[in-house]
Every structure is written in C-alpha cells, then in structure tokens.
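Those sequence lines, one after another, are chains A and B. Under the numbering used here, the first sequence has 255 at position 117, and the numbering climbs by one with no breaks. Under the numbering used here, the second sequence has 305 at position 167, and the numbering climbs by one with no breaks.
Errors might be hidden in some of the hints.
Unchecked claim - In silico DSSO-like links for lysine-lysine, alpha-carbon gap of 30 Å or less:
1. A:Lys270 x B:Lys270
2. A:Lys270 x B:Lys273
3. B:Lys259 x B:Lys232
4. B:Lys199 x B:Lys300
5. B:Lys259 x B:Lys273
6. B:Lys273 x A:Lys273
7. A:Lys199 x A:Lys259
8. B:Lys259 x B:Lys270
9. B:Lys270 x A:Lys273
10. A:Lys273 x A:Lys300
11. A:Lys273 x A:Lys296
12. B:Lys227 x B:Lys199
The set of hints was computed from the structure by calculation and includes no laboratory data.
Protein chains: 2
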Amino acid sequence: MGMREFVVVGNRAVTESFSLNDLPGAGRMDILCRCINSAFFLSHDIRRDTRIYLVMLGSPKPSLIVRFEGSELKYLNPDERSAGSLISKAVGQKGVDDFEISSTPGVWVRRGGLEDVLSEKNNIIYLREDGKYIKELEMSNNCNDSIVFVLGDHEGMKFEDKELLDEYGATRVSVSPYSLHADHCIIIVQNELDRRESCK
Amino acid sequence: MGMREFVVVGNRAVTESFSLNDLPGAGRMDILCRCINSAFFLSHDIRRDTRIYLVMLGSPKPSLIVRFEGSELKYLNPDERSAGSLISKAVGQKGVDDFEISSTPGVWVRRGGLEDVLSEKNNIIYLREDGKYIKELEMSNNCNDSIVFVLGDHEGMKFEDKELLDEYGATRVSVSPYSLHADHCIIIVQNELDRRESCK
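In isolation and in its complexed conformation, chain A is listed as follows (with noise of 0.2 Å):
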C-alpha cells in the first residue's frame, strides 16, 4: 500500500542530544515535535501508514536525516516532550554516518540532507502558502503510489531548497488562505486524505 508520507526541513534543529526542558532552544525542536504529532496519532491510534523525514539542518554535527516509520514505532506519546525524547535518542547516537541505523523501535538516524530525501521519492508535494489549494489536486487512484509532502519550519525554505524541489518536479500545492506552522499544515493534510479515502 502507499505510504503517507512526510519531509519537515528543521533549518536550526540541533543534530546532537538535548534537553526535554527547552525544545525551542534546540533550534526550535518543538515545531518538529508537534510535526511527529500531527502525523502519526489518531485518538486510540497511531497511523501505521505514515511515514516522517525530519532533516535536521542546526549545528553542531553534519545534517542527519531522522525517519519516523508509523508501521515499527513504539514508545511515542503525544506530548511533546515523547516526542523530543526520541528525536534526542536519535540525534545524540554514536557512529552515524551514510547508512541508517535505528536509535529506538521505529526511529532511524542517517547523515545527509533535503536531497537525500528526496532523490528516492516520486510524487513530490511542496506545502506553500501560493500553492495550488489541496482540494483542487488530482492524485493517484493507484493505492500502491506514496505521496510525499515537504514542508519548512519557522524559517520556511531556504532559496536552495526551494530550487531542488522545483528540480524534482514537486508540485506546490497548498493547504490554508493563511500561513500556517507545519504541525497544523500536516493535520490538514491528513484529514484530506483521511476524506478521499473515506469516499472511495
């Protein structure tokens, strides 16, 4: 079956442990705490078909991609602190490097960066304010095509990024007459989905 699938470029995000105490000061960790959030959880529920890419931009170390498999995942509660926890595991393990390698049930940690990402992924989406609203895009019939949906936090997208995403084809869709942070664009995504699903 296809994969729900998200990419939340963290520009400032710290890429060693850090304290559960003070998730903005980790470079705005809690922006992808609440992402990790809004992607995975049902009420009674965690979504087994979704999938997240945090890219992890801050210093000190070299960018690491961190993925967040909903089919594999344990020990996440909602709040964000469950959430950092486990981006923190990730993050703060020894010997990271080109191959992934998985700091906690579900959590996997890699060197690299946007492209990285999403050199392996067709059906790209790129969430932008001037995008095409969600509701007027044609997707696949086929349930066994993913959907990848790439979005930036409080920074947005730098200048690079933005000419990489229009390199692979992503097309710019988006979710809101208003800008909103990328935890509250995901929730909309997922209901959006949750909808054209429920119809069929």
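Starting from the known structure of chain A, fit chain B onto it as the hints suggest.
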C-alpha cells in the same frame, strides 16, 4: 464581529499549579496545552477572533474555567510548556471564586463547570465522530454571530455532559471519518472557518 469559540473539557485536568516537566501527569494537561496552540496560532500571528474555555474538572479544588482571549493574549509561545505555564498560573491563582479574575494578559479564571459556559452561549456545536460532516453544516451569514465548538479530552464527554449539550440544543458535528484528538479537531475547524471566510 462574531467570535470563534472553543470549549474543551479536561476531565482530569488538575486545579492547582503543576510541573511543566510532566504535563501528561497533571491530568493530561498536555492535551489542553495543544488545544491552546491549535486554537490561536497562525504562522506569524495570534488569532484575535478566537476564544477558548478550558473546563478543568480534576482535583484538588472544585472545577475551574480558564478563558484564553485571543484579542488580549500575551506571552504565549507555540510550545506546550508555554501554554502550560499560563494555565498553571491561572489555576494557581489565590482567591478564585465565581467572578472571573485575570491571571496574565488575556487569561481569566473562575470557578465553574461546563454548564456555566454553555448557559451564556448560542450556536453550540458538539464535535463528535457520529455527527454531521462539518462541510454540510450551514452556518449563519451574520458575522455578528459567534459559534461555539465543544470538545472532550482523551476521556471524551461524561454522560451528564452529553445530556447537558442536548439540553442546550447543541448540533453534533464531525470533522473526520476517524476519531481524533481534540487539538487536531480544532485545527480542522479553524481551517474550515478560514476557507468559508475566504470564499465570501
């Protein structure tokens, strides 16, 4: 102008100051904190047309109503601890009785339960999985009318609260084919209202 109002019932939410390091342990205060974030945050702004009532039914004090008023709100950041800090100050206020007192700018607290809020309201909507789908809901075109959305926390709504909502003529409305967390529901409602306004 009509307000967008939300009422969230925290069945176990503690009615005294609590530790920001364990929001789930304070009667699932993390849920209420995320509801604050969902209700108020645009990407670079606070929604001035929004008001939220937290109905806190936990121990040790008699139940409390904490009101956040978007038009007056200060010192609120998007992370859970920030909302938690403002709620903790409100419930920790000395001398709280049936008259509202302000704890920080835009935050008010008084004694009371769900009925004390409902008795002041019209246009009440009760968000439930088995309700009518929100897209099919006809809303007033009169911009002076406020609309009030009532939601339960992880325990949902107690039998007597459901009866109360029926008594007050609440319309049952659903936002998703799945059962969602209260904070996710608020995002979807705000998005629906944003769209309707932008289409006018």
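Hint by hint, here is what the structure shows:
For the proposed pair A:Lys270 and B:Lys270, the alpha carbon gap of about 28 Å is at most 30 Å, so the pair holds. With a CA separation close to 20 Å, the supplied pair A:Lys270 and B:Lys273 stays within the 30 Å bound. Distance restraint check for B:Lys259 and B:Lys232: the Cα-Cα separation of roughly 28 Å lies within the 30 Å cut-off, and the hinted pair is therefore satisfied. Restraint check for B:Lys199 and B:Lys300: the C-alpha separation of about 23 Å stays at or below 30 Å, so the hint holds.
With a C-alpha separation of about 22 Å, the suggested pairing of B:Lys259 with B:Lys273 holds against the 30 Å cut-off. For the proposed pair B:Lys273 and A:Lys273, the alpha carbon gap of about 13 Å is at most 30 Å, so the pair holds. Note on A:Lys199 and A:Lys259: the hinted pairing holds, with a Cα-Cα distance of about 25 Å set against a maximum of 30 Å. Between B:Lys259 and B:Lys270 the alpha-carbon distance is near 21 Å, which keeps this suggested pair within the 30 Å criterion.
At most 30 Å may separate the alpha-carbon atoms for a hinted pair to count; B:Lys270 and A:Lys273 meet this at roughly 20 Å. Between A:Lys273 and A:Lys300 the CA atoms are separated by roughly 23 Å; this keeps the pair inside 30 Å, and the hint holds. With a C-alpha separation of about 27 Å, the suggested pairing of A:Lys273 with A:Lys296 holds against the 30 Å cut-off. The suggested pairing of B:Lys227 with B:Lys199 holds, with an alpha-carbon distance near 15 Å, which does not exceed 30 Å.
In this structure, every one of the numbered hints holds.
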